[in-house]
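J.: Respectively, the protein sequence lines represent chains A and B. The opening residue of the first sequence carries number 4 in this note's numbering; numbering runs sequentially from there. The opening residue of the second sequence carries number -19 in this note's numbering; numbering runs sequentially from there.
Everything labelled a hint here was simulated from the structure, so no lab data went into it.
With a cut-off of at most 27 Å between alpha-carbon atoms, the simulated DSS-like pairs for lysine-lysine come out as follows:
#1 LYS77(B) to LYS58(A)
#2 LYS58(A) to LYS78(A)
#3 LYS197(A) to LYS287(A)
#4 LYS119(A) to LYS(-6)(B)
#5 LYS248(B) to LYS58(A)
#6 LYS119(A) to LYS77(B)
#7 LYS77(A) to LYS248(B)
#8 LYS160(B) to LYS58(A)
#9 LYS99(A) to LYS77(B)
#10 LYS(-6)(B) to LYS99(A)
Values in this document were obtained by computation on a predicted structure and should not be read as measured data.
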Amino acid sequence: MSTVLTLQNISKYYGRFRALNGVSFEVPEQSIFGILGPNGSGKTTLLSVVLDVMKANGGNYLWFGQPGSGAQRKKIGSLLETPNFYHYMSAIDNLKVTQSISGRGNASDIDIALKKVGLFDRRFSSFRSYSLGMKQRLAIGATLLGDPGVLVFDEPTNGLDPVGIAEIRELIIELRKSGHTVIMASHLLDEVEKVCTHVAILKTGNLLSVGDVEELMIADDVVELSASDLGRLAEILGKYNAQIIIKRDENNIHITLPRGSAQLEQINKYCFENGVVLNHLQLKKKKLEARFFELTNN
Amino acid sequence: MNNLIRTEWLKIRKYNAFWWIMGVTALAYPGINYIFYLGYQSLTHSESQAGKFATMLLGNPFTFPEVWHTVAYCSSIFVFIPSVVIIMFISNEFAYKTQRQNIIDGWSRNQFMSSKLIDVLITSVIITLLFVLVSFIWGASNFPVGKTEIFGQFYYVGLFALQTFAQLSLAFLVAYLVKKSFLSLGIFLFYFIILEPLLVFIFRNKVDDIGAFLPLEISDRIIPVPGFSRHISPEGYQRSLSEIQPHIFYTIALTALIWIICYRVNSKRNL
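Construct the entire structure; sequences and hints are all you get.
T.: Below, the structure is given as structure tokens:
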């Protein structure tokens, strides 16, 4: 699988403040690549650099194996930070400007893009008359114009209602199925977990972790168990393994074991032999949210 | 180039403020010339000795070929009207963040700046065509029988176009550096209407007329006071004519410098 975007030691300073500190990673083709991080971690700055809106102080980046250029950006549908359109123009006229600059699509593709984001009926209304969610939809529509192979979304669900958020999630899944590459910065961990194949986690400009979402989330094995006597269950589990971490809630007990060491049959047998009959036993993936908090120490 | 022109046309054609300002300019140029013309008529159409003296002194600055010079001079005072459009063009791009979107969508930074250069050029061409139209109508309506030298001073069209482009470029530079529309307008209009004329006046007889090298005055001097002034101050008129040639060079140099600054800043600026 080839690489769509390569970052090599990207650094960016705002005065003395270091917004990006030698960030390097690669975005594989046909991946849904999430860039995660708390506010101020450098997500938008990173996307601004690779879209030539900001100049990096160090390092370089390659799109499709070539140094970044206007010709490369024309092949990418990008939404960076906020919907940026001419307020006095209608949706259709704004997309004509996008089409004229990028060369992506034609007049009928503009209609297709507007229909896809549910703005076709309001295509002649001026941008200034749109609600925040409609503006965001138009920005997403502009990225879809001409069906580019690569899309960059910076917080794509900003300003959208729950239906809109679900629609965008479906759209990204659809894009993944049709072989598109999507690079998406977000702080909505649940959204990223649902749609992303790869993830990079940033904190204060430093890259903390990067890789396949599944691998990142199953850094440890988490097993959920339950029995009629939770107290007794917790007591015997404490003696099961020296590296075990036990957490108890109202109905279940969660045990965390080193990755690959949770053998459900063995755990079940151990409990039974110690006089506890389990009524629930399940190997669970660690939530991305939990992994994110671990990595960012929040 | 075609792509840049096409895209700028898409932005301009739905921009109502542009058409309103062009409409105001289309009224202002004949308007200011009509005011001068009425003043001329009230001076020269008097049967008194003073009226005859004024006719002898002023001639008819509103007939061919002198009309090209007279209308150019009168109209150039009002270049601040289209400068509003130029300032809005670039300030809007900052306010709507569309300059960054244009780059994201695939223009290079130099292409973006060239698109703005095209805006200034298009506006300058429209203003110059308006000037040609007003001059021609005025000259034709005052056409003296037997006189055929219609295009005798037609080179003032070129000088007017250069001056307009130079002064609109300066307005663009202010807006590009300041970014905020109302602040840019305030700064440019204050400088255009008050500060520079005051400085030129103060410097006129001091420090070797250094006011001639102030940004607007550099191009102001390529269109001197109309020819009737030679009867009032022959030396002054001759001096103003001799300044045209070097000031054409200074104007071109300053305008080139303005655009070099804009291109350079734009290539390095965080958008």
